[in-house]
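Fit chain B to the given chain A structure using the hints.
For reference, the chains in residue letters:
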Amino acid sequence: DSGVTQTPKHLITATGQRVTLRCSPRSGDLSVYWYQQSLDQGLQFLIQYYNGEERAKGNILERFSAQQFPDLHSELNLSSLELGDSALYFCASSVNSGYGYTFGSGTRLTVV
Amino acid sequence: GENVEQHPSTLSVQEGDSAVIKCTYSDSASNYFPWYKQELGKGPQLIIDIRSNVGEKKDQRIAVTLNKTAKHFSLHITETQPEDSAVYFCAASKRRDDKIIFGKGTRLHILP
Chain A
1 DSGVTQTPKH LITATGQRVT LRCSPRSGDL SVYWYQQSLD QGLQFLIQYY
51 NGEERAKGNI LERFSAQQFP DLHSELNLSS LELGDSALYF CASSVNSGYG
101 YTFGSGTRLT VV
Chain B
113 GENVEQHPST LSVQEGDSAV IKCTYSDSAS NYFPWYKQEL GKGPQLIIDI
163 RSNVGEKKDQ RIAVTLNKTA KHFSLHITET QPEDSAVYFC AASKRRDDKI
213 IFGKGTRLHI LP
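If you're matching them up, the sequences are chains A and B in order. Under our numbering, the first residue of the first sequence carries the number 1, and numbering increases by one thereafter. Under our numbering, the first residue of the second sequence carries the number 113, and numbering increases by one thereafter.
No lab work stands behind these hints, which were simulated from the structure alone. Quantities reported herein were computed from a predicted structural model and do not represent experimental measurements. A virtual CB, placed ideally from N, CA and C, is assigned to each residue, including glycine. Don't take each hint at face value.
For lysine-lysine, the following DSSO-like pairs were computed, each having C-alpha atoms within a straight-line distance of at most 27 Å [unchecked claim]: (1) A:Lys-9 with B:Lys-216; (2) B:Lys-183 with B:Lys-206; (3) A:Lys-57 with A:Lys-9; (4) B:Lys-216 with B:Lys-134; (5) B:Lys-169 with B:Lys-183; (6) A:Lys-57 with B:Lys-154; (7) B:Lys-216 with B:Lys-154; (8) B:Lys-180 with B:Lys-206; (9) B:Lys-206 with B:Lys-169; (10) B:Lys-216 with B:Lys-169; (11) B:Lys-206 with A:Lys-57; (12) B:Lys-154 with A:Lys-9; (13) B:Lys-183 with A:Lys-57; (14) B:Lys-216 with A:Lys-57.
Okay, the calculated beta carbon distance ranges per label pair [to be verified]: (15) B:Asn-179 with A:Arg-18: 45 to 51 Å; (16) A:Pro-8 with B:Gln-157: 18 to 24 Å; (17) B:Asn-165 with A:Lys-9: 36 to 42 Å; (18) B:Lys-169 with A:Thr-7: 33 to 39 Å; (19) A:Asp-1 with B:Lys-180: 33 to 39 Å; (20) A:Glu-62 with B:Glu-191: 45 to 51 Å; (21) A:Thr-15 with B:Asn-165: 45 to 51 Å.
Okay, chain A solo, but in the shape it has when bound (with noise of 0.2 Å):
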C-alpha cells in the first residue's frame, strides 16, 4: 500500500456520460497530480493541485476538470465521454519538498 488511494479501482460507462475519479493523498503530501495512461501515450501529466489551488497543467481536455478540497482529497471529472477516454488513470502526491511521486493503484476506465 503506497499511502494514495484511489476509487473506484473499475468503472465502466458508456459514451456520453460523466464520471468522477477519486484520490485520496499520502498524509502530510499537499501536492496531487492526476496522470492518464494509455497503451500507446504513456503516462500523460493532466493536472496538478497544490494545497487546494491548480499549479500546473498538462494535456488535459476541456471535458476533464479536477479538483482538491480543503481536505487535501482531489477528484477528476470527466464528462461527454469517448471511447478514447478509455485508460488509466492514476493520481500521485507529493510533499511539496521531500521526494518524487508516490502513485496510487489507478482507476481503470473503460467507455462503452
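Frame of chain A; chain B shown alone:
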C-alpha cells in the same frame, strides 16, 4: 515543449545478465530524473532518482548515470532476477515536486 524519449521499448535479457535503458530529454532546465517501475496491475513505483549535480548514483543492483551536456541518462540493472520483469519509465522534471514528464516506458523481460 518538454519531451523525454526512451529506448528500447522492449528488452529481453537472460537472468543474471545486465539490462540498460536509455533516455534523452529536451528541456535543459530539467534537473531531477527519477526512474519508476510498474508491475502489472499496479501504479508506478519510484526505484531510484538522480539530481543534475550528480553524475552517477547506485543502489544495490541498480545504477543511474546522467550526462547533462548530452541530455542523456540511463538505468543499469545488474545481475537481473525474475522479479525485475516489469515496465520501467524514465522521467524528468525541474525539481522534485514539479510535474514529471515521463518517457513511454520499456518493457523488460527476464528470461530463465
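Which numbered hints are broken by the structure, listed smallest first? none
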